[in-house]
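Engineer: Given these sequences and hints, build the entire structure.
There are 2 protein chains.
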Amino acid sequence: MRRYRLRIPGPIDLEPEVLAYMSAPLIAHYGQEWVELYTETITLLKRVWQTREADVFLMPGPGSIAMEAAIASLAGDTHKLLVLTNGFFGDRWVTIARLYSSRVIVLESAWGRACDVDAVEQTLKRDREIKAVIMVHGETSTGVLNPLKEIGEVCDRYGAVLVVDMISTLGGIEIAFDDWHIGIGVSATQKCLECPPGLAPIGVSPRAWELIERSKGPGWYINLRTWQHFAREWGDWHPHPVTMPTGLTQALRFSLQNILDEGLPQRWARHTAMARLVRNALKNLGFELFVPNDREAMNTVTAAKGHARLPAAALIRALKEKYQILIGGGIEKLSGQIFRIGHMGPTATRDAIVPTLLAIEDILRSVGVAVEPGQSLRAPAPVMGPE
Amino acid sequence: MRRYRLRIPGPIDLEPEVLAYMSAPLIAHYGQEWVELYTETITLLKRVWQTREADVFLMPGPGSIAMEAAIASLAGDTHKLLVLTNGFFGDRWVTIARLYSSRVIVLESAWGRACDVDAVEQTLKRDREIKAVIMVHGETSTGVLNPLKEIGEVCDRYGAVLVVDMISTLGGIEIAFDDWHIGIGVSATQKCLECPPGLAPIGVSPRAWELIERSKGPGWYINLRTWQHFAREWGDWHPHPVTMPTGLTQALRFSLQNILDEGLPQRWARHTAMARLVRNALKNLGFELFVPNDREAMNTVTAAKGHARLPAAALIRALKEKYQILIGGGIEKLSGQIFRIGHMGPTATRDAIVPTLLAIEDILRSVGVAVEPGQSLRAPAPVMGPE
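Chains A and B supply the protein sequences, listed in that same order.
Using the numbering used here, the letters of the first sequence map in sequence onto residues 14 to 400.
Using the numbering used here, the letters of the second sequence map in sequence onto residues 14 to 400.
Read the hints as simulated data drawn from the structure, not as lab findings.
Just so you know, not all the hints are guaranteed correct.
Put simply, identical chains are the same to the list, so a pair is met inside one copy or across any two.
[Said to hold, decoys possible] Derived SDA-like pairs: lysine to any residue, alpha-carbon spacing no greater than 25 Å straight-line:
hint	residue 1	residue 2
1	Lys-335	Gln-45
2	Lys-335	Leu-50
3	Lys-229	Val-107
4	Lys-335	Val-48
5	Lys-318	Gly-44
6	Lys-138	Arg-220
7	Lys-93	Pro-231
8	Lys-93	Lys-229
9	Lys-346	Phe-243
10	Lys-229	Ile-118
11	Lys-229	Gly-248
12	Lys-346	Gly-248
13	Lys-229	Arg-111
14	Lys-296	Asp-307
15	Lys-59	Arg-245
16	Lys-229	Leu-112
17	Lys-93	Leu-112
18	Lys-333	Asp-249
19	Lys-229	His-92
20	Lys-333	Pro-29
21	Lys-229	Ser-115
22	Lys-229	Thr-91
23	Lys-335	Pro-38
Structural biologist: This is the structure:
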């Protein structure tokens, strides 16, 4: 199988030091040595999430299983859920929420625009039966970053538990779990946490536990009370209900330590700088960004529409076939309309980004667009008027 | 972290060729190349399961998530579920079944003895509302092999869908999915499939689909209809609902091909021979096997009680500390009473077993039991009377 450089919005090309853990001999997923490794990994994860209050678990499986666990655990019939959506992964929240509750309210925003904080506040003010707000932090399907901190403040004011998909942002974009009043946070290892897929970190605040206790949701693996039970009752031997991927846990511990060694603010700044580089470059080359407002754009994924002379699908195909570079396409209703470039962890570097941009320049030239070498890298034009 | 040889009942020590796939660069989990790899892996898995009729999926996560998916998908309130249990993992089926259905009947057998086929038949005959029978094939907590083929025949006669945990048997002990009338089979990669944990194969027969369609169970990831939808609608691009662990899928394909190259009958015979070696050895050394009847014993896990002079916990500790060999202990009500040796795939070999047996001989001698070197390996005493 031919190898491609992964510039898709996750999974990403990983550092060989991380991959090396994956092929280490297996170790037992119980006993004192294992519990030390597991606990240390959880501790590092709490630091990356900036939480002292939340319980954190490592759930084997994809991010979606942790999303389902969050919903299943707190969807009771005594209260309503408010789901915000402005993309494919927001819609997945809607799908899952409706499968577990008959009392789901959906607040939709246009794909490519951020969720509307005022609308959330108005909805919570009007309907005091809403006990949880469910949203995506970084909407990977469009490249939109939703205003998590602001929505967290609103939820706190109205006593709603905030449930957040942070799959494409944790480790790349600022998140302050406790200070931003997050109730349940869900992530996955294969994006900015710089590991292969296979574990879904899930964090649960004390306020979220209260709602979970009242809700008494269904299921075993997908019920967070099962995870709490094993952490409490089997804590010094087997603090989780199932067999764990031990190599991936070792890889994750290594990555988390790397992330903390880089420094969280430095890391967020790096992702900001690289996102600016990509957005500016695509504008320089005449592409229209799918997220028009820079302040609403994710720093880990950039989406743009096809060029007048180069449809998105043709660009994706040429990058793959001529340059062995994989970038993402549009999902569902954006299929064929946009392309998406991931810049996460090791791919949020000039090493990964600049060759991709130069390849895009080549491809544009090959279809007759006048592009000078390095045009994508030029500084942005001075902003006219107040910024 | 000190490295131990894993002679526990899974995960097991793996071949370096398998581990090498785990540290290969990631590939995208969608697109033509990926679908070819995924489809080929499923095809090999069907051959190991001996099925032409079942749909097979690879569910990221532990075996338990596939167990939960099986139950969630077919537990409706219009029918009853019959759960057979004779151990810790049978009890897990009971726990999960009761979380999804209020109409669960439990048929218990003693831990260490096989499920009673006649009792299953009598129960199905008496209660025609039972539409599914749920059981464990190899009960890893005790080393009992339940009579799957016979129960399959009974289920077929009474029109019940048979749901089976084959986590510790698939790839080591004979299973004929179609011929034995299996409805849903659940497994995991970290036992006889000779891979790290992280994927749960699940097979679904046409008859099981009928019950699933009628049941309309809850959930998204845990509902098999979601998996069917993606396989059908996204089959040539992304035939599964979530991100897949691509390295593990490559490792699994490699292992499955190895398993088929060895030959299924040859492989079952190897596990039979190695189980006999272990059982005979433990008897030679004066241990009492936890499964008294050879015909009810698993060929992939052997459990025995502590020796008069050497409690199970002391044996486990000495093997770990003095010989760097990890074997399993008893779970829950068997805690401290038994020890368990896994002999699965690469550990179902004399290379893995004989040094373990010789270490046990040493440890017995060290506590004053008279054991001659190699006593464990002696041939069994001739059987008196008709075998």
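Engineer: Please flag the earlier hints that this structure goes against, numbers listed from lowest up.
Structural biologist: none
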